[in-house]
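Per my numbering, residue 191 is the first one in the sequence shown, and the count goes up by one each step.
Just so you know, the hints here were simulated from the structure itself, not pulled from any lab data.
Computed from a prediction, not measured in an experiment: that's the story for all the values here.
Beta carbons are placed, not taken as given, at the ideal position from N, Cα and C, and that holds for glycine.
Treat each hint with caution, since some may be false.
[What the hints assert, rightly or not] Computed beta-carbon distance windows for the label pairs:
no., residue 1, residue 2, range
1, 251, 273, 18 to 28 Å
2, 223, 318, 17 to 27 Å
3, 282, 242, 17 to 27 Å
4, 325, 277, 33 to 43 Å
5, 306, 274, 30 to 40 Å
6, 291, 204, 16 to 26 Å
7, 283, 243, 33 to 43 Å
8, 268, 302, 31 to 41 Å
9, 282, 324, 31 to 41 Å
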Amino acid sequence: MSHIPLAAPVAGTGLSAQEVLALTLWAEAGTHSVRAIEALAATIMNRVRLAEREGVTHWGRGLAAICRAPFQFSCWNRNHMRHMLMQAIPPGDPSMAVCRRIAARAAAGALADPTGGATHAHDAGELPPWAVGEAPVAEIGGMLFYRLLVR
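Kindly generate the complete structure, drawing on both the sequences and the hints.
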């Protein structure tokens, strides 16, 4: 697996790409099991690999850009409740510590993909419009994962 460079902060945020991933994991899956958080991290890394290897740029290029791509992860939409929650993570939050450890493993290429190459995910209690009529490839820790064709 490839190593994703993390040293440079994301333009305009002061956050490293690894921290952007950790925040995304916390806001999108932090209430789920460690396995679900790992699976979401793998899903995001699958998008990174598609961008690197196949030139798929629908979600952007690079880890931080893919996490923050418009209309992909609701936590980066300034008008969404998850974004507001993400802005107020309590210091020492144990779930955030877990997300940071998983983000470090994912960014270093040391995280297995339990999703079978998924590119999309959502909470099992939700049904986003893009998932209607699609068959999940995995269900892990209360989240559904999909491998959707990139157009």
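Hints, one by one, checked against the model:
no.: 1; hint: 251 / 273: 18 to 28 Å; result: holds (23 Å)
no.: 2; hint: 223 / 318: 17 to 27 Å; result: holds (21 Å)
no.: 3; hint: 282 / 242: 17 to 27 Å; result: violated (35 Å)
no.: 4; hint: 325 / 277: 33 to 43 Å; result: holds (35 Å)
no.: 5; hint: 306 / 274: 30 to 40 Å; result: holds (33 Å)
no.: 6; hint: 291 / 204: 16 to 26 Å; result: holds (21 Å)
no.: 7; hint: 283 / 243: 33 to 43 Å; result: holds (34 Å)
no.: 8; hint: 268 / 302: 31 to 41 Å; result: holds (33 Å)
no.: 9; hint: 282 / 324: 31 to 41 Å; result: holds (38 Å)
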